[in-house]
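K.L.:
The lines below spell out each chain.
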Amino acid sequence: EPKKSFKVAWSIYVGWMPWGYAADAGIVKKWADKYGIAIEVKQFNDYVESINQYTAGAYDAVTITNMDTLSTPSAGGVDSTAVIVGDFSNGNDAVILKGKDKLAAIKGQKVNLVEFSVSHYLLARALESVKMSEKDVKVVNTSDADMAAAYKTSDVTAVVTWNPIVSEVLGDKDAKKVFDSSQIPGEIMDLMVANTQVVKDNPNFAKALAGIWYETMDKMAGADGKAAKEAMAKASGTDLAGFESQLASTKLFAKPADAVAFAESKDVGATMNHVRSFLFDKALLGKDAKSADAVGIELADKKVLGDAKNVKFRFDASFMKLAAQGKL
Amino acid sequence: MRLLNRKPTRGQELALIALPFLLTAAVYLVFSALRLADNPNDKLLPSPAAMVEAVRTLAFHADPRTGAYIFWVDTFASLQRLFVALGLATGLALVIGLAIGVLPVMRALLHDFVAVVSMAPPLALLPILFIALGLGEASKIALIVIGCAPVMIRDLALRVDELPREQFLKAQTLGASTWQIVLRVALPQMLPRLIDSLRLSLGPAWLFLIAAEAIASDSGLGYRIFLVRRYLAMDTILPYVAWITLLAFVSDAALRFVQARAFPWFAAARAS
Amino acid sequence: MRLLNRKPTRGQELALIALPFLLTAAVYLVFSALRLADNPNDKLLPSPAAMVEAVRTLAFHADPRTGAYIFWVDTFASLQRLFVALGLATGLALVIGLAIGVLPVMRALLHDFVAVVSMAPPLALLPILFIALGLGEASKIALIVIGCAPVMIRDLALRVDELPREQFLKAQTLGASTWQIVLRVALPQMLPRLIDSLRLSLGPAWLFLIAAEAIASDSGLGYRIFLVRRYLAMDTILPYVAWITLLAFVSDAALRFVQARAFPWFAAARAS
Amino acid sequence: MSAIKVEKVWKEIGDQIVLENISFELASREFLMLVGPSGCGKTTFLRMLLGETAPTRGRILLDGEPLPAEPDSRRGIVFQRYSVFPHLTALGNVMLGAELREAPLLGKIFGARRKVLQEEARALLAEVGLDHAENKYPAEMSGGMQQRLALAQALMRRPKVLLLDEPFGALDPGIRGDIQALMQKIWNESPLTVVMVTHDLSEAFRLGTRILAFERRRDRPEEKTRYGATLAQDIPIWPRRIAGALKI
Amino acid sequence: MSAIKVEKVWKEIGDQIVLENISFELASREFLMLVGPSGCGKTTFLRMLLGETAPTRGRILLDGEPLPAEPDSRRGIVFQRYSVFPHLTALGNVMLGAELREAPLLGKIFGARRKVLQEEARALLAEVGLDHAENKYPAEMSGGMQQRLALAQALMRRPKVLLLDEPFGALDPGIRGDIQALMQKIWNESPLTVVMVTHDLSEAFRLGTRILAFERRRDRPEEKTRYGATLAQDIPIWPRRIAGALKI
Ligand SMILES: Nc1ncnc2c1ncn2[C@@H]1O[C@H](COP(=O)(O)OP(=O)(O)OP(=O)(O)O)[C@@H](O)[C@H]1O
Ligand SMILES: Nc1ncnc2c1ncn2[C@@H]1O[C@H](COP(=O)(O)OP(=O)(O)OP(=O)(O)O)[C@@H](O)[C@H]1O
Ligand SMILES: [Mg+2]
Ligand SMILES: [Mg+2]
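Residue numbers (our numbering), protein chains in the order written: chain A, 1 to 328; chain B, 1 to 272; chain C, 1 to 272; chain D, 1 to 248; chain E, 1 to 248.
For the record, the hints were derived by calculation from the structure and aren't laboratory data.
Do not take every clue at face value.
Stated by the list, open to error - Listing some non-contacts, in silico: residues in chain B with all C-beta distances to chain E over 12 Å:
1) Leu4
2) Val27
3) Asp38
4) Ser47
5) Pro48
6) Val116
7) Leu125
8) Leu129
9) Glu137
10) Ser139
11) Pro164
12) Glu166
13) Asp218
14) Phe257
15) Ala269
Unchecked claim - In silico SDA-like links for lysine to any residue, alpha-carbon gap of 20 Å or less:
16) Lys152/A x Thr75/C
17) Lys98/A x Gly136/C
18) Lys234/A x Ala25/A
19) Lys7/A x Gly136/B
20) Lys136/E x Ser38/D
21) Lys185/D x Arg206/D
22) Lys5/D x Arg206/D
Given the structure is predicted, the values throughout are model-derived calculations rather than measurements.
Note that beta-carbon positions come from the ideal geometry of N, C-alpha and C, so glycine has one too.
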C-alpha cells in the first residue's frame with residue numbers, strides 16, 4: 001500500500017557521506033517535497049546496525065554493499081532492490097602486510113579482518129589470485145574501530161580493511177599494500193538498497209532517492225564542491241585532504257548514465273556469481289541453502305541468477321535511467 | 001611505631017595523594033616523547049600540546065557549517081541522555097524496589113524475575129531494542145535504563161529488607177496503612193540509600209551510554225570517540241576520556257554532597 | 001488485612017514467580033509468530049524451533065572445518081577469560097583494598113587515585129591497552145581487570161573502614177604487629193565481603209568480556225554474538241544471551257553458597 | 001475498658017512447641033509483668049498480643065472480641081531496640097501517629113492543624129523529659145532518650161494496651177531508674193493496660209500489679225521440641241497498686 | 001610491678017579542653033574505678049592509658065617509664081562493645097594472643113604447640129564460665145558471654161594493666177552480678193593493675209580499691225570549651241581490699 005513517509009539509514013563511509021550532506025543541505029527535503037512525501041535520513045555510526053535495522057523492517061532503504069545485501073536482508077527473506085549504484089571500491093579496500101611486499105607471503109599468517117565482511121571477500125579473491133585459499137591463513141575477527149590500533153601491536157602482521165583505516169595503517173613505515181580492490185574493479189559496490197515491495201508500491205520514493213543522489217553529485221562536482229566535500233570530511237571525522245584521498249580510491253559515478261552503464265554491464269552478473277559462491281561457502285545464504293542458487297538475484301536486464309522462485313535481490317537501473325534522462 | 005598507626009602529616013598526605021597522578025603523567029610523557037622522537041607523526045601517544053590543540057579546535061572553534069561548538073554539543077548531548085536515563089532508572093528502582101521490599105505479593109511476582117534480568121547482557125540485545133524503540137534518543141536512554149535499573153532495583157529491595165521488621169510493626173501500631181507505611185516509613189529511608197545505589201550505577205551508565213552512542217548517534221562524547229577511533233586520533237580520544245572521568249567524578253561528588261545535605265540523619269543512622 | 005501483611009501461600013507464590021517469565025515468553029512467541037507469518041525468513045525474532053536448531057548445530061555438530069564443537073569451545077574460552085580476570089581482580093582488590101583500608105600511608109597514596117581511575121571508561125582506552133599488552137588473551141583479561149578491579153578495591157577499602165576501630169586496638173593489646181593484624185584480623189573478615197563484591201562485579205565483568213571479545217578474537221560467547229550479528233542471526237544470539245544469563249546466575253548462586261559454607265560466622269555478624 | 005482474655009493458647013514454631021496451654025484473664029488498667037528464663041517464649045507471647053503472629057491453638061480476646069490478626073492502633077508497643085524512626089526528629093517521631101490518623105493519603109499534616117498537633121506532641125515530649133531534644137534525630141540521642149521517645153511516640157496514638165518488650169534492658173542502671181518512674185507515672189495517668197516483658201525480677205516487683213512467670217517444665221534436649229513453656233506462676237502484688245489511685 | 005603515674009595531664013580535642021591538669025599515682029595491683037558524668041572524659045583518659053592518643057600536655061609513666069605511644073601487650077583492654085573478633089570461635093579468640101606472640105609471621109600455631117595453647121585457652125574459658133561454648137562464634141553468644149570471652153582473651157596475653165571501659169554497661173543486672181564476681185576473682189588471682197570506667201557507683205564501691213571521680217566544675221555552655229574536667233574526688237575504699245589477700 002502507498003505510504004507517505006520513509007526512513008533511510010546511512011552509515012559513515014566515504015561513498016555514503018553525500019547522504020548526510022544532502023540531508024543537512026536541504027536536498028533531501030527538496031526532493032521529498034517535490035514528490036509529496038517525507039523522507040527521514042538517519043545516520044548510523046555502526047554499519048552493521050544499519051543493515052540489521054533495515055533487515056528487521058525499521059527502515060525502508062539503506063546504504064549497503066552488494067555482498068552484505070545478499071548475505072543479510074536477501075538471505076533473511078527481505079526482497080531488496082538496488083535503486084542506486086553509487087560507486088565501487090577502487091582501492092578503498094586492501095590487504096596489507098607488515099614488512100612483506102608480496103601477497104604470497106601471507107601464507108600461514110594470522111590475518112586480522114572483520115569476518116564475513118567485504119574484507120573477508122577481498123581476502124578470498126586475493127588468495128584465489130595467487131592460487132591459495134582461506135585454509136592457508138588463519139582469520140582473526142577484529143572490529144573495524146580497533147583495526148588501526150590493532151595493527152600497531154606486534155602480534156598483528158596482516159590485515160584486510162577499508163578506508164579510512166587503510167590510509168591510517170599505511171601511514172606506518174613497514175606497512176605494505178599487497179592487494180586492493182582496484183585489482184577486482186567493480187566487485188565491491190556501494191549501493192542504495194530499498195525494500196522491493198516499498199519501491200513497487202511507491203515508485204516516487206525511489207525517484208526521490210535518485211533525485212537527491214544525483215543533485216548531490218552535481219553539487220560535489222560544481223562550484224561549491226569544495227565546501228560540500230569539506231563538510232563531508234568533517235562529518236566523517238577527518239579533513240579535506242584525508243577525504244579527498246579516500247575519494248581517490250573510490251570510483252564514484254558522478255553521472256547517472258555511467259552508473260546505468262555499469263549496472264547493465266555483464267560484469268555485475270559475474271561479480272554476483274563470485275559473491276554468492278563465497279557466501280554459500282561461508283554458510284551465509286541461510287541454513288537451508290543447498291547451493292549458491294538458493295537466493296535468486298535479478299540483474300538489471302531481468303535475467304535471474306539462481307532460484308527464480310526465490311528472487312530476493314534485484315538490480316534496477318530504471319531510476320538511474322530516469323535521472324540520466326532528466327525525467328525526475 | 002606500627003605502620004598502621006603512622007599517620008602522614010597534612011603535607012605528606014598531599015604529596016602522597018599527588019604522587020600516583022604525577023607518576024602516571026610522567027610515564028605518559030616519557031613514552032609519548034620516545035614514540036614521537038621515533039616518528040613525529042605517531043598518533044598513539046600524542047604530545048600534550050597536540051591534545052590541547054585538538055581540544056581547542058573542538059571546544060572553542062565553531063563548526064563553520066553548523067555554528068556548533070562540537071565539544072560542548074557532545075558533552076551536552078551525552079549528559080542529557082545520561083541524566084534522563086539515570087532519572088528514569090532511579091524512579092523505576094524506587095517504585096519497583098519499594099514494592100518488592102514492602103509487599104510479599106510483589107516480591108513473589110518480581111524478585112526472581114528482576115534477578116534473572118539483571119544478569120542478562122543488554123548489549124547483545126541491542127538490535128531488538130532498536131527495533132522496538134527506534135533509533136532516536138529513546139533507545140539510547142532505554143539501554144542505560146535496562147543496564148542499570150535491574151541492579152538498582154535489587155539493591156533497593158535488599159535495603160528495604162534491611163530495615164528492622166520492628167519499624168513496620170511499630171508503624172502499624174500507630175495506625176499506618178500499607179500506603180502510609182510506604183510513604184512515611186520506607187520511602188524517606190530509601191532516598192539516601194538510593195543515592196548510594198545511583199553512585200554505584202554511574203560507572204555502568206557511562207559504559208552503556210558510550211556503547212549506545214557508538215552504534216547510532218550523531219553527537220555525544222561516545223559518538224565522537226568512536227568516530228575518530230578509525231583514525232586512531234588519540235589526541236582527541238584521550239582528552240575526551242579525561243573529560244568523561246572528570247564528569248563522572250564530579251557527579252559522584254555532587255551526589256555525596258546532596259546525600260549529606262538532604263539527609264542529615266543518614267550518616268549517623270548508617271554508622272550505628 | 002493490610003497488603004503488606006498478606007503473604008501468598010506456597011502455591012500462589014510459585015504461580016506469581018512463574019508469571020513474568022511466562023508472560024515474557026508469551027509476548028515473544030506472539031510477536032515472533034506475527035513476524036514469521038509476514039516473512040518466513042525473518043531473522044529478528046526467530047521461532048523457538050529455529051533457535052533449538054541453531055543451538056543444536058553449534059553444540060552437537062562438530063564444525064566441519066575445525067572439528068570443534070563451537071558452542072562449547074566458545075563457552076570454555078569465555079569462562080576461562082572471565083575466571084582468570086576475576087581471579088586477578090579479586091587478588092588485586094584484596095591486596096590493595098586491605099592496604100588502603102589498614103595503612104594510613106597507603107590510603108593517602110592510593111585512595112583518591114583509585115577513585116579517579118574507577119571513573120574512567122576503559123573501553124575508550126583500548127588502543128593503548130593493545131599496544132601495551134598485544135592483541136591476545138592478555139589484553140582481554142586486562143580490560144576486565146581494569147573495568148572491575150578499581151570498583152572492587154574501593155568497595156573493599158570501605159569495608160575495612162567499617163570494621164570497628166576497637167578491633168585494631170584490641171589486636172595491638174594482644175601484641176599484634178601490622179602484618180599480623182592484616183593477616184589475622186582484617187584479611188579473614190574481608191574474605192566473605194570480597195565475595196559480595198565479586199558478585200556485584202559479575203555483571204560488569206561479563207559486559208567487558210563481551211566487549212573485549214567483540215574487538216579481536218576467534219572464539220568466545222561475545223565473539224560469536226558479534227560475529228553472527230553481522231547477518232542478524234538472532235536464532236544464535238538469543239540462545240547465547242540466555243546461556244550467558246544462566247551462567248551468570250549460576251556463578252552468582254555458587255558464590256553465595258561458598259560464602260555461606262566457608263564463612264559460617266558471617267551471616268550473623270552481618271545481621272548484627 | 002481494655003481487658004485481655006487468653007484462652008488455652010498454644011504456639012508452635014516449625015515443629016517446636018514454644019508455648020503450651022496458656023490461659024489467664026487480665027483486667028483493664030493492670031500492669032502485667034511477664035518474666036521467665038531466656039528463650040521461654042515471652043517475646044513470642046507478646047508478638048501474639050500484638051497480632052504479628054497468631055496462636056496455633058486457642059484464642060486471645062481483647063474486650064471480649066477476638067484479637068485482630070494484625071497490629072493496629074489500639075495496641076502500642078515499645079521494643080528493646082529499633083522503636084523509633086531514624087529519619088524523623090524527636091518531634092516528628094511523636095507526631096507521626098497523629099499525622100497517620102488524620103491524613104490517610106499523605107500521612108502528613110500541614111497548616112494550623114499541624115501547629116495544634118505539634119503542641120500536643122511537645123507536651124508529651126516534655127512529659128518524658130525530652131523537651132530540649134525535639135529537633136534531634138534518634139542517632140543523636142542516647143539509648144535512654146530513644147526509649148523515652150518511643151514511649152511518647154506510642155502514647156501519642158492513645159493505645160488501650162501498651163506492650164513493652166524489655167524496653168529498658170539495654171540501659172544503664174541510673175537511667176533505668178528514671179525511666180521506670182516515668183513508666184509508672186504514665187500508667188498511672190493514662191487509661192492503659194500494660195504488658196511488659198522483663199528479665200529483671202526487681203523491676204517486675206517495683207512496677208507491676210501482677211507478675212506472670214513462664215517456664216519450661218521439661219527442658220532436657222530431647223524434650224525441648226515436644227513440650228512448651230507453661231504459665232508457672234501468677235503473683236499478684238501486695239499491697240495492691242491501683243492505677244490513678246497511687247502516689248509514687 | 002605495674003604502677004601508673006599521671007603527671008599534670010591535659011587533653012584537648014579540636015579546640016575543646018576535655019581534661020585539665022590530672023595528676024595522681026596508682027600503686028601496682030590497685031583496682032581503680034573511674035567515675036563521672038557522661039562526656040566528662042573518662043573514655044578519653046582510658047584511651048590515653050592505652051596509648052591510642054597522647055596527652056596534649058603532661059605525661060603518663062608506667063613503672064617509671066613514659067608510656068609507649070601505641071597499644072602493646074602490657075595493657076589489655078575490654079571495651080563496652082566490639083571486644084571480640086566475630087570471625088573466630090571462642091577458643092580461637094582466646095588463643096589469638098598466644099598465637100600472635102609465638103608466630104610473628106603467620107600469627108597461627110600448628111601441631112603439638114597448638115595443643116598446649118588450646119589447653120591453656122580452655123582453662124581460661126572454663127574460668128570465665130564458657131567451657132561449653134568454645135566452638136561458638138561471638139554472634140551466637142549473648143552480650144554477657146561476649147564480655148566474659150573478651151576478658152579471657154585479654155588475660156591470655158597476661159597484661160600487667162587491664163583497662164575496662166564500661167565493660168558491663170550493656171548487660172542485664174543478673175548477668176552483671178555474676179561477671180562482677182568473676183572480675184574480682186580474676187583481679188585477685190592474676191598480677192594485674194585494673195583501671196575500670198563505670199557509670200554505676202554501686203559497682204564502683206563493690207569492686208574498686210580506689211575511686212577517682214572526674215568532673216567539669218564549670219559546665220555552662222560558654223565555658224564548655226575553655227575548661228576541662230578535673231579530678232574532683234579521690235576515694236580510697238575502706239576497709240582496704242588487697243589483691244590476693246581477699247576472700248569473696
Ligand atoms: N522465628 C523463629 N523461628 C524459629 N524459632 C523461633 C523463632 N522465634 C522464636 N523461636 C523460638 O521460640 C522460643 C521462644 O523465643 P522467644 O524469643 O519468645 O523467647 P524469650 O522468652 O523472649 O527469650 P529472651 O528472654 O531471650 O528474649 C525460643 O526457643 C526460640 O528458639
Ligand atoms: N573524637 C572526638 N572528637 C571530638 N570530640 C571528642 C572526641 N572524642 C571525645 N570528644 C569529646 O570529649 C569529651 C569527653 O568524651 P568521652 O567519650 O571521653 O566522655 P566519657 O566520660 O567517656 O563519656 P561517657 O560516659 O558518655 O562514655 C566529650 O565532650 C566529647 O564531646
Ligand atoms: Mg525476648
Ligand atoms: Mg565513655
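K.L.:
Each hint: holds or not?
P.N.:
Comparing the hints with the structure gives:
1. At roughly 9 Å, the least C-beta separation between Leu4/B and chain E is not larger than 12 Å, which violates its mark as non-interface.
2. Residue-level check passed: Val27/B sits 35 Å from the nearest beta carbon of chain E, beyond 12 Å.
3. Listed as a non-interface residue, Asp38/B keeps its Cβ farther than 12 Å from every Cβ of chain E; the least gap is roughly 48 Å.
4. For Ser47/B, the non-interface assignment is confirmed: its Cβ lies about 48 Å from the closest Cβ of chain E, beyond the 12 Å cut-off.
5. Once the 12 Å rule is applied to beta carbons, Pro48/B is consistent with being away from chain E; the minimum gap is 43 Å.
6. For Val116/B, the requirement that its beta carbon stay farther than 12 Å from each beta carbon of chain E is met, with the minimum near 32 Å.
7. No beta-carbon of chain E comes within 12 Å of the beta-carbon of Leu125/B; the shortest separation is about 42 Å.
8. The claim that Leu129/B lies off the interface holds: its Cβ sits roughly 45 Å from the closest Cβ of chain E, which is beyond the 12 Å cut-off.
9. Distance to chain E confirms Glu137/B as a non-interface residue, since its nearest Cβ pair spans about 50 Å, more than 12 Å.
10. For Ser139/B, the requirement that its beta carbon stay farther than 12 Å from each beta carbon of chain E is met, with the minimum near 48 Å.
11. Every CB of chain E is more than 12 Å from the CB of Pro164/B (nearest about 17 Å), matching its label as outside the interface.
12. Under the 12 Å C-beta cut-off, the non-interface status given to Glu166/B relative to chain E holds; the minimum distance is some 19 Å.
13. The non-interface label for Asp218/B is consistent with chain E: the shortest C-beta to C-beta separation is roughly 55 Å, beyond 12 Å.
14. Against the 12 Å criterion, Phe257/B stays outside the reach of chain E, whose nearest CB is about 23 Å from its own CB.
15. Against the 12 Å criterion, Ala269/B stays outside the reach of chain E, whose nearest CB is about 17 Å from its own CB.
16. For the proposed pair Lys152/A and Thr75/C, the alpha carbon gap of about 29 Å is over 20 Å, so the pair is violated.
17. For a cut-off of 20 Å, the pair hint linking Lys98/A to Gly136/C stands: about 18 Å separates their Cα positions.
18. For the suggested pair Lys234/A and Ala25/A, the alpha carbons sit about 14 Å apart, so the restraint of at most 20 Å is met.
19. Using a Cα cut-off of 20 Å, the hinted pair Lys7/A and Gly136/B holds, with the two alpha carbons roughly 13 Å apart.
20. The hinted pair formed by Lys136/E and Ser38/D meets the criterion: a straight-line CA distance of about 18 Å does not exceed 20 Å.
21. A threshold of 20 Å between alpha carbons decides the hint, and for Lys185/D with Arg206/D the separation of about 13 Å falls inside it, so the pair holds.
22. Only pairs whose Cα atoms come within 20 Å are accepted, and Lys5/D paired with Arg206/D is rejected, the gap being roughly 24 Å.
Hint compliance for this structure: hints 1, 16 and 22 are broken, all remaining hints hold.
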